[in-house]
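Below, each chain spelled out in residue letters.
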Amino acid sequence: MKVIEVGRAGTDANDRDADLLRRELKEKDLFLINLMSAAGSGKTTLLSRTITDLRGKASIGVMEADLASDVDAAAIEALGAASIQVHTGGCCHMDAVMTREALEAFDAGEARILFLENVGNLLCPAEYDTGAHLKVMILSLPEGDDKPLKYPLMFRESDALVITKMDAAPYFDFDLEAAKRRAKALNPKIEIFPVSAKTGEGMEAWENWLLTAWERWREDA
Amino acid sequence: MHELGVVTHVIRTLEEVAQENDVTKIGSVTLTVGEVSGIVTEQIIDCWNWFKKKTPLVCEAELKIEPVPAVTWCTACEQTYETVKYGKTCPHCGSKETYLLQGSEFAIKEIEAE
Numbered sequence: 001m002k003v004i005e006v007g008r009a010g011t012d013a014n015d016r017d018a019d020l021l022r023r024e025l026k027e028k029d030l031f032l033i034n035l036m037s038a039a040g041s042g043k044t045t046l047l048s049r050t051i052t053d054l055r056g057k058a059s060i061g062v063m064e065a066d067l068a069s070d071v072d073a074a075a076i077e078a079l080g081a082a083s084i085q086v087h088t089g090g091c092c093h094m095d096a097v098m099t100r101e102a103l104e105a106f107d108a109g110e111a112r113i114l115f116l117e118n119v120g121n122l123l124c125p126a127e128y129d130t131g132a133h134l135k136v137m138i139l140s141l142p143e144g145d146d147k148p149l150k151y152p153l154m155f156r157e158s159d160a161l162v163i164t165k166m167d168a169a170p171y172f173d174f175d176l177e178a179a180k181r182r183a184k185a186l187n188p189k190i191e192i193f194p195v196s197a198k199t200g201e202g203m204e205a206w207e208n209w210l211l212t213a214w215e216r217w218r219e220d221a
Numbered sequence: 001m002h003e004l005g006v007v008t009h010v011i012r013t014l015e016e017v018a019q020e021n022d023v024t025k026i027g028s029v030t031l032t033v034g035e036v037s038g039i040v041t042e043q044i045i046d047c048w049n050w051f052k053k054k055t056p057l058v059c060e061a062e063l064k065i066e067p068v069p070a071v072t073w074c075t076a077c078e079q080t081y082e083t084v085k086y087g088k089t090c091p092h093c094g095s096k097e098t099y100l101l102q103g104s105e106f107a108i109k110e111i112e113a114e
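These protein sequence lines are chains A and B, in that order.
Read in our numbering, the first sequence has 189 at position 189, and its numbers run on one by one without any break.
Read in our numbering, the second sequence has 38 at position 38, and its numbers run on one by one without any break.
I should point out that these hints are in silico values taken from the structure, not numbers from a laboratory.
The model shown is predicted, which means the values in this text are computed figures rather than measured ones.
Glycine included, each C-beta is placed from N, C-alpha and C at the ideal position.
Hints should not be assumed to be uniformly reliable.
Over 12 Å on every C-beta distance to chain A, these chain B residues come out as not near it, computed from the model [stated by the list, open to error]:
#, residue
1, Ile11
2, Thr32
3, Lys54
4, Pro56
5, Pro69
6, Val71
7, Cys77
8, Glu78
9, Lys85
10, Gly87
11, Gly94
12, Tyr99
13, Phe106
Calculated pairs, EDC-like style, for lysine to aspartate or glutamate (alpha carbon to alpha carbon, straight line, at most 20 Å) [as the list claims (entries may be wrong)]:
#, chain 1, residue 1, chain 2, residue 2
14, A, Lys150, B, Glu60
15, B, Lys25, B, Glu78
16, A, Lys2, B, Glu97
17, B, Lys64, A, Glu5
Residues from chain A shown here face chain B by an in silico Cβ test under 7 Å; the list is partial [said to hold, decoys possible]:
#, residue
18, Cys91
19, Gly120
20, Ile190
21, Ile192
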């Protein structure tokens, strides 16, 4: 028996699969966004509103990852957008291999921006690179402003933080400035968008940022 | 089950390592697992023992775990403390301006092979 030093992260094989997938998607002109959040944070509601608002500017498709059920995909399809429900078979996060399989089964049609709605969970989705070009996380107002302290990795990994359900602010002791400060302390580059998909508050800033990020990615050879 | 997915990733990485080093049989695998990595040691060993049978390369390999204690650094009083016991708040000065120094790692350290 000989000892071989490995010294690789437990996610090493996945990281390389993810890089490959990212390059392949670029060749196909498909911009993939990994959308992460806790369960019930309003991912599907945010996407529904974004799809409707950006009609004519960007065609959006959605891959809904969930342990089981297809209620979210049905809601997206009702808007006329391409969607697919991905069952993770009880697994708590999407990885690059699962994302590739979902993409192969997905008829994106005219969609050029694809959202991957990751499993509702603030922990391990942050650890597994799916091959996405952008990572966006959602924190809904009722979850509390202390979440950056409890789930630091997700805040560190994300390009943008969308704070949803701002219309519920009068009913909760959510300190928006504290949430922003805590998120920025973990990740100074994170873009923060407080929104309400219900009233439309803040949606324009989020959507403009999304379009700009997409355009920049397209120009980037 | 988080650990089962983790084991499949580890085995895929081990298959690559084996190929690079002309190894056909692995005798043991040592993982470093941080105290707050989210990995449950008992569960990962159970998953390993179940899943390894499906892969000839590791079917007889023993999984060894090297735990890494979680330690937090306080930027206010510049001291360290045990993360799991005190969480985000420094027990020395009460500050919340603290960050994790170690304990979130999850890596394949080494293998024993023929």
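Going through the hints against the structure:
1. Distance to chain A contradicts Ile11 (chain B) as a non-interface residue, since its nearest Cβ pair spans about 9 Å, not more than 12 Å.
2. With a least CB separation of 9 Å from chain A, Thr32 (chain B) falls inside the 12 Å interface cut-off, contrary to its annotation.
3. Separation of Lys54 (chain B) from chain A is adequate, the least Cβ-Cβ distance of about 16 Å exceeding the 12 Å criterion.
4. Here Pro56 (chain B) stays apart from chain A, with its beta-carbon at least about 17 Å from theirs, past the 12 Å limit.
5. No beta-carbon of chain A is positioned within 12 Å of the beta-carbon of Pro69 (chain B); the least distance is around 18 Å.
6. Against the 12 Å criterion, Val71 (chain B) stays outside the reach of chain A, whose nearest CB is about 15 Å from its own CB.
7. The Cβ of Cys77 (chain B) lies farther than 12 Å from every Cβ of chain A, with a closest approach of about 18 Å, so its non-interface assignment holds.
8. Interface exclusion of Glu78 (chain B) from chain A stands, the closest Cβ pair being 17 Å apart, more than 12 Å.
9. The beta carbon of Lys85 (chain B) sits about 16 Å from the closest Cβ of chain A, which is more than 12 Å, so the claim that it is off the interface holds.
10. Distance to chain A contradicts Gly87 (chain B) as a non-interface residue, since its nearest Cβ pair spans about 9 Å, not more than 12 Å.
11. With a cut of 12 Å on Cβ distances, Gly94 (chain B) stays outside the contact zone with chain A, its closest approach being about 15 Å.
12. Once the 12 Å rule is applied to beta carbons, Tyr99 (chain B) is inconsistent with being away from chain A; the minimum gap is 8 Å.
13. A cut-off of 12 Å between C-beta atoms contradicts the statement that Phe106 (chain B) is not in contact with chain A; the least separation is 4 Å.
14. With a C-alpha separation of about 39 Å, the suggested pairing of Lys150 (chain A) with Glu60 (chain B) is violated against the 20 Å cut-off.
15. A threshold of 20 Å between alpha carbons decides the hint, and for Lys25 (chain B) with Glu78 (chain B) the separation of about 47 Å lies outside it, so the pair is violated.
16. Of the pairs offered as hints, the one joining Lys2 (chain A) and Glu97 (chain B) is violated, with about 45 Å between alpha carbons and a cut-off of 20 Å exceeded.
17. For the proposed pair Lys64 (chain B) and Glu5 (chain A), the alpha carbon gap of about 14 Å is at most 20 Å, so the pair holds.
18. Given the 7 Å rule on beta carbons, the hint for Cys91 (chain A) holds: about 5 Å separates it from the nearest Cβ of chain B.
19. Residue-level restraint check for Gly120 (chain A) is violated (minimum Cβ-Cβ distance to chain B is 14 Å; threshold 7 Å).
20. Evaluation of the Ile190 (chain A) hint against chain B yields a violated restraint, the C-beta minimum of about 16 Å exceeding 7 Å.
21. For Ile192 (chain A), the interface hint is violated, since its Cβ never comes within 7 Å of a Cβ in chain B; the closest pair sits about 20 Å apart.
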